[in-house]
Amino acid sequence: MLEAVWTNVDYVASVVLFCIGLYIIIAKNNLIKKLLGLNIMETAVFSFIVALGVLDGGEPPIMGEGATGPYSSPIPQALVLTGIVVAVSTTALALGLIIRIYRQCGTIEADELREME
Amino acid sequence: MKNAFVTALLVLMAIPLLIGVTALPPHGSADAPMHTHVSARYVERGEEEAGAANLVTGVLLNYRSLDTVGEVTVIFTALVAVLGVLISFPAAPKPPDAAGAAGTARATDHAAPTQPQVSPVVGFVVRLLAPFIALFTIYVIVHGHVSPGGGFQGGAILGGLFIALTTVLGENRTRCLLPRRGAPWMRGAALLAFVAAGVIGAVLTGYFLGYPAETNHLATELMLLGIEIGIGLGGAAIFATIFLQMEEE
Amino acid sequence: MHDWAHWLPLAVLTPLLGAVLTPVVSLRDRHVAPWWALGVMTVTSIAATMLIVRVALTGPFSYLPGGWMPPYGIELRFDEFGASISVICLIGWLAVLYSLRYTEWLREVPKPRIPYYYALLLLNLGGMMGFVITGDLFNLFVFLEILSLSSYALVAVSGEHIAEMAAFKYLLMGAISSLFVLFAVAILFGLTGSLNMADVASRLGDAESAAPAALALGMLAVGFMVKAALFPVHIWLPDAHSIAPSPISAVLSGLVVKIGILGMVRVYQIYNTAGVVDMHWLNQVLVWLGAISIVMGAFFAVFQDDIKLMLAYSTISNIGYIVMGFGLSTNLSIIGGAVHVFNHALIKATLFFAAGCLIYRTGYRTLADLRGVGRSMPFTTVAIAIGAVSIVGIPPTAGFLCKWYIALGAFEADQPFFGFALIFGALFIFIYYIRMVNAFYFQPVTHPEILEAREAPASMLFPTLLLAALCLVMGVLGRIPLSFIEPAAQRLLPPLGG
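One line per chain: the protein sequences are A, B and C, in this order.
Per our numbering, residue 1 is the first one in the first sequence, and the count goes up by one each step.
Per our numbering, residue 1001 is the first one in the second sequence, and the count goes up by one each step.
Per our numbering, residue 2001 is the first one in the third sequence, and the count goes up by one each step.
Calculated from the structure, these hints are not laboratory results.
Among the hints, erroneous ones may be present.
As a list, the in silico DSBU-like pairs of lysine-lysine whose alpha-carbon atoms are at most 35 Å apart [stated by the list, open to error]: (1) B:1002 <-> A:33; (2) A:33 <-> C:2169; (3) A:28 <-> C:2169; (4) B:1002 <-> A:28; (5) C:2111 <-> A:33; (6) B:1002 <-> C:2169.
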């Protein structure tokens, strides 16, 4: 069991980050901190995906002169590229909303906002 | 108290996650289904089939092109969302106690900064490096299919360059990079480039977004390049617009 | 490749391309935007009709962009569940038409935002269409994000601060659920090495250990159930759907929540074919949560005074019906659940459009303020009455047959208790229906200016009445969608049980 944890320690680290991110979103009061928690969660998932594609002793999947040997899988890297763009988009929209909320309510603390509703 | 409860809940949630994740095929092993199935074919035949030496670009733009179409649409969605949420009445500044405010202070600095307060060191360095960064961006975009790089990467660098220049030089001087008539076209450049390439591909190969990689290498290269440039330009325009819109308020 | 299949990428890309070009065409004059959007949706609807006709005649088919055989490329697969694009296009088209007048009226929406509103609406519709017809897991995630992001923005487009707060809460919960889905897709990829749904289904059984597959199933279920607003993760829905502009509420309640359901359908298709995880536990949990949603949603709906908030809670209740139908996993209940996806979209859109007409003409949103409106706005009130009857499930309206099938399915699965939960929920809504009809027609007027209100403008009344008529028509013609979806429902059932 411990053996399995050690071989897949990259995956375990992603899961820990994922849970930390979720904790931040739920427990923190400030909207920007919640957004950062979301970013941490997203990073955790991306690092999980990239870790899936690693090959022991593998080269980056770029062909060309001088490139030899087993290649790490190119698929996860493409997936993560798309994922990063999606994360950036979500963050941009969230920041836009936070800007508007701040302009109109003067605060970005969740408990104060809840009182205002 | 609430924090302790949340922590307990998350530890509870983490347990099945950890059990599941440690039971995955061992990390890095060469006979995981990950490396022996679809990936193996991409590695083996990717260079001729996809027409790009950078296999990641081959996957992004050829094998899984529809994903990239979706990705380009997502970034455009972010742009439209930010514009749709942030664009305000183009009216004169309202009196301090206008109806609808929660009574607390609104952000008051509406004056567009004509001369932003940046340190002269920062200003000098940015102005010095800007042309080189721009050159680097062109390199990254154009070399996307033979070395690490590509449309998005170049677009992000170019967008970042625009943001740095706007911070240093002031909005009035960098606005000329996004002309009013051309800006909507620039923002949509990515998806338009994709659809154009897709239609060309349909004409050449009979499948939408098909590339004639094995028969007509030049056409494939041009299509890939066109898409990369479109993505780069579109991405940069989108980042620039989002930044300007957020700064405007 | 047959010519017909080319309609598949066309159907998805038309709204997306239309959205990208909307700011371009409205550069000079923002009034071009709604007409452009209407034209785009017309083209999309034509494409959708061709696809549905094709699948009705010849069964499921697929399209391979780029020509790559699955699983080496992305496969677009159109099966009977893909017929949901019919309701997406229909309600989408009507929502664009409705928005023509409605957005001009909303005082809080700054006029320059309006082209972006239509762009967001087109992106939302295009994202949903892509979600329904894709056969690839990661593509599913990408389209899920397109439609989610546009939904968050559309809730906030009106600019009121409560709208923005509701949108932010929606964004946080929606983004978390999307991440759960992505994590699960990554696990499935790690287990099987492929992202194509059919391929994953066939390879999942070869994996050494079932634990990651079960984990992925759990995470997918959680992710999609948040999107579908099932109890207990429904808390984002009431605020978001009631505060959004009425045509957007119709699209959100009628279509976007169903995406969570359709995602679960795909999950069921994969896991029931793979047979690697015992679905029994998940099904039981879904049945329970569905039943709680039904009763709780209906219960809260009864006590609301604001019409749109009541309709939002009613959505939660109806999602409970659908989820319970899928959880019961019998032939009848799955068919009932699947068709209710379609019918509830029609009913809820009718109700939200009608509510929007009332708000547009009178400016009031609560039952107390809207007393007596039946006398001055007869058509709109009739539409609301038809919608309410349909939601309760009285024959011969659209809501009746599906709920009947789900109840029959509950008895068929030896779980009669849930059949009673269903009837219980319907009773609650019936109480509200009585309250509403009473208020609109029989009670003395609280605001005399209501009697002066004219009927809603044609561009808003036409969608409302059309959908109300469809509620009745679909009630009478109810057998047709039920038998249409039957082969897909059969395939959805687990190979052993059912």
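Report task. Against the earlier hints, flag every one the structure doesn't satisfy and list their numbers going up. Result -> none
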